[in-house]
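S.K.: Use the sequences and the hints to build the structure in full.
Final position of the sequence shown in the UniProt record's numbering is 259; the numbers increase by one with none missing.
If you are wondering where the hints come from, they were derived from the structure by calculation, not from laboratory data. Possibly wrong hints are sitting among the right ones.
Calculated cross-link-like contacts (lysine-lysine; reagent style DSSO-like; alpha-carbon spacing at most 27 Å) [unchecked claim]:
#1 LYS31 <-> LYS198
#2 LYS198 <-> LYS34
#3 LYS169 <-> LYS198
#4 LYS198 <-> LYS42
Pairwise CB distance ranges (calculated) [claimed, not checked]:
#5 ARG183 <-> ASN72: 35 to 45 Å
#6 ARG211 <-> GLU136: 34 to 44 Å
#7 LYS42 <-> PHE133: 44 to 54 Å
#8 VAL13 <-> GLU61: 16 to 26 Å
Owing to the predicted nature of the structure, the values given are computational and were not obtained by experimental measurement. Think of the CB as a built atom: it goes at the ideal place given N, C-alpha and C, for glycine as much as any other residue.
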Amino acid sequence: MQSASIHCGTKAVQWEEFADAVSILVAAQDKIRKLFDFETWKEGPQTLGEVQTFGANALLEATSRLFLRTENGETLQPVKGFEYLVTLKTFDAGDPRDLIYSLLSIASDTQNYSAYSGKSEQGQQATSTKIVFDYELPDIEVYGSFMWYCIDSSGSLDIICRPWAMPLKNTRRPLPSWIRLLRDAEFGKPEEAYDGQKNREILVGPVGHLRYNVSSRKLFERVTLRNEYQGGSQRNGLPPEVQREAVRSHLCDTQKFTI
1 MQSASIHCGT
11 KAVQWEEFAD
21 AVSILVAAQD
31 KIRKLFDFET
41 WKEGPQTLGE
51 VQTFGANALL
61 EATSRLFLRT
71 ENGETLQPVK
81 GFEYLVTLKT
91 FDAGDPRDLI
101 YSLLSIASDT
111 QNYSAYSGKS
121 EQGQQATSTK
131 IVFDYELPDI
141 EVYGSFMWYC
151 IDSSGSLDII
161 CRPWAMPLKN
171 TRRPLPSWIR
181 LLRDAEFGKP
191 EEAYDGQKNR
201 EILVGPVGHL
211 RYNVSSRKLF
221 ERVTLRNEYQ
231 GGSQRNGLPP
241 EVQREAVRSH
251 LCDTQKFTI
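M.R.: What follows is the structure, encoded as structure tokens:
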């Protein structure tokens, strides 16, 4: 039987105890707010903030519905998609690429059933992630790969409206406007959730609860660059490696992609 614990410095608590505490806090938040009066607390009842937006609550809600399980608690398979997990607007990471890489193995559309059950069903193939797990790649390229994955797999442009990314490190270069920063989320960055709402609700809504379709009813169609060779001579354009580098450079050029 697997168990989990949460660590903060030298302190640790079992996941079950943490989950119970968060559930009680959310359920009793109205009663708890009444304990904060203006005489003692500057912001009175608002001192507690919006409990339902706290990272702890979002984490609990997300993990409770991450996997399909048996009656005995055995994990069968993940049920949430990759875009949903990355855009939870809850988590930070020391390495920005971990916003992507840390969730690859628990998304329903980047892993297959046999990876969890130890069994393989006839005709079932592992899902291609289309994302290269490589820490030698720059942050912007990993971000771009995730954006491409979302657009290609969903057939929509909704991801360009959803805030999820952290600023690039070790560079002053800004992100392209089509990669939204987590600070643009309704309650800002994870550590700012305690201060109340900062931005408007996202136009398209969260994954699975669509309010507006950015690309209307038009679906994304993949465009394939034609490149053929005969007898070692090139036909229809530049060599593949040159085209790939051109696409990569274009992807990473923040001046060429603006919305």
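S.K.: Hints first: check each against the structure and report whether it holds.
M.R.: Hints, one by one, checked against the model:
no., hint, in the structure
1, LYS31 <-> LYS198, "holds, 25 Å"
2, LYS198 <-> LYS34, "holds, 24 Å"
3, LYS169 <-> LYS198, "holds, 24 Å"
4, LYS198 <-> LYS42, "holds, 19 Å"
5, ARG183 <-> ASN72: 35 to 45 Å, "holds, 42 Å"
6, ARG211 <-> GLU136: 34 to 44 Å, "holds, 39 Å"
7, LYS42 <-> PHE133: 44 to 54 Å, "holds, 47 Å"
8, VAL13 <-> GLU61: 16 to 26 Å, "holds, 18 Å"
The structure shown violates none of the earlier numbered hints.
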